[in-house]
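Visitor: Each residue of the sequence shown is one higher than the one before, starting from 113 at the first, in our numbering.
It is possible that some hints are incorrect.
[Said to hold, decoys possible] DSSO-like cross-link-like pairs, simulated, lysine-lysine; straight-line CA separation at most 27 Å: (1) Lys348 / Lys124; (2) Lys337 / Lys348; (3) Lys220 / Lys246; (4) Lys337 / Lys322; (5) Lys288 / Lys246; (6) Lys356 / Lys322; (7) Lys337 / Lys356; (8) Lys288 / Lys337; (9) Lys288 / Lys220.
No lab work stands behind these hints: they were computed from the structure.
All values reported here derive from a predicted model rather than from experimental measurement.
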Amino acid sequence: MKNRWAVISTWKMSQNGCAAAAELLGQGGRSGDAVVRGIQDVEDNPDFHSVGFGGLPDEEGNVSLDGGFMDGDTLRFGAVASIQGFRSPILIARSLIQNDRNNFLCAKGAEDYARMMGFEERNNLTEEIRERWKKERGRDQKLTAYDGHDTVCFAALDCYGTVSAGVSTSGLYLKKPGRIGDSPVVGSGFYADSRIGAAGATGVGEEIMKGVLSYQALQMLRCGKSAQEAAETAVKELTDTLVKRNGHADAMSLILLSKDGSFGVGTNIRFPFVFADDHHSPQLYLAQAHGSHCMVEPVMDADELTED
113 MKNRWAVIST
123 WKMSQNGCAA
133 AAELLGQGGR
143 SGDAVVRGIQ
153 DVEDNPDFHS
163 VGFGGLPDEE
173 GNVSLDGGFM
183 DGDTLRFGAV
193 ASIQGFRSPI
203 LIARSLIQND
213 RNNFLCAKGA
223 EDYARMMGFE
233 ERNNLTEEIR
243 ERWKKERGRD
253 QKLTAYDGHD
263 TVCFAALDCY
273 GTVSAGVSTS
283 GLYLKKPGRI
293 GDSPVVGSGF
303 YADSRIGAAG
313 ATGVGEEIMK
323 GVLSYQALQM
333 LRCGKSAQEA
343 AETAVKELTD
353 TLVKRNGHAD
363 AMSLILLSKD
373 GSFGVGTNIR
383 FPFVFADDHH
393 SPQLYLAQAH
403 GSHCMVEPVM
413 DADELTED
């Protein structure tokens, strides 16, 4: 009997990527390859303005990208941050897992490495986004996640029992140059352990890092909670802690995939995600916080969903 495979990804924009990842997994492909394939679909699509080509720039008009990858069998990880001028941060990040040191590179160091290794270069600032930046730069308002910004996260389980996690983002719109959020930070933006599962987070990185959210959710799963209980509890507890300490909590969402292929989602907003496994075709869902739990419902008409 064939072992189970599964894949989960953040946001409506990941639908095509999740379908591509599911196809690979269904053919016996590896979870790491599925994660990269799914994320690259989003990185290459200029219609999505929070990842890769067409990503939203910082204050100075530069598109700087972050990416991270983790292999659940070995716990090896790779990450890049504030990298400019390259096509695929997830591919560059994954290549770094072969190292015992120097696994997390940023800015010029990451760019020098990518160039030396021959990764494809690309100007990710499209003319459409350049014109938008000219109109909106210097605006006086609080910057928030989901203001044209949504990190794409993938977690996958293959039929060999390996889980992998990956993320890619252009970060907070109009951020300070050099600002890095949770996405490429192991334990906060992503984590994978094949003995437990894999997780990825999206939202305000400064909030997510306060709770090391992805790792925390996996530890709840390890201690006996179901995937859904672990995901929603991790987000709820961090949200409540931040409200108690600071008077408010910004937006955050989490996807979680257990080693047995079951999934969980936690959020304190309206949050679309996509899931597929060996018994189910890729399906778009909408999760919403409801008291101490999350309501999860399938989306029948994706065109009616305003969130990307």
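Visitor: It remains to establish, for every hint, whether it holds in the given structure.
Guide: Hints and how they fare:
Proposed proximity of lysine 348 and lysine 124 is supported: the alpha carbons are some 23 Å apart, at most 27 Å. Straight-line distance between C-alpha atoms of lysine 337 and lysine 348 comes to about 14 Å, which keeps the hinted pair within the 27 Å bound. At most 27 Å may separate the alpha-carbon atoms for a hinted pair to count; lysine 220 and lysine 246 meet this at roughly 25 Å. For the suggested pair lysine 337 and lysine 322, the alpha carbons sit about 22 Å apart, so the restraint of at most 27 Å is met.
Annotation: proposed proximity of lysine 288 to lysine 246 holds, straight-line Cα distance about 16 Å (limit 27 Å). With a C-alpha separation of about 13 Å, the suggested pair lysine 356 and lysine 322 falls inside the 27 Å cut-off, and the hint holds. About 25 Å separates the Cα atoms of lysine 337 and lysine 356, which keeps this hinted pair within 27 Å; it holds. Between lysine 288 and lysine 337 the alpha-carbon distance is near 39 Å, which puts this suggested pair outside the 27 Å criterion.
A distance of roughly 17 Å separates the Cα atoms of lysine 288 and lysine 220; the hinted pair therefore holds under the 27 Å criterion.
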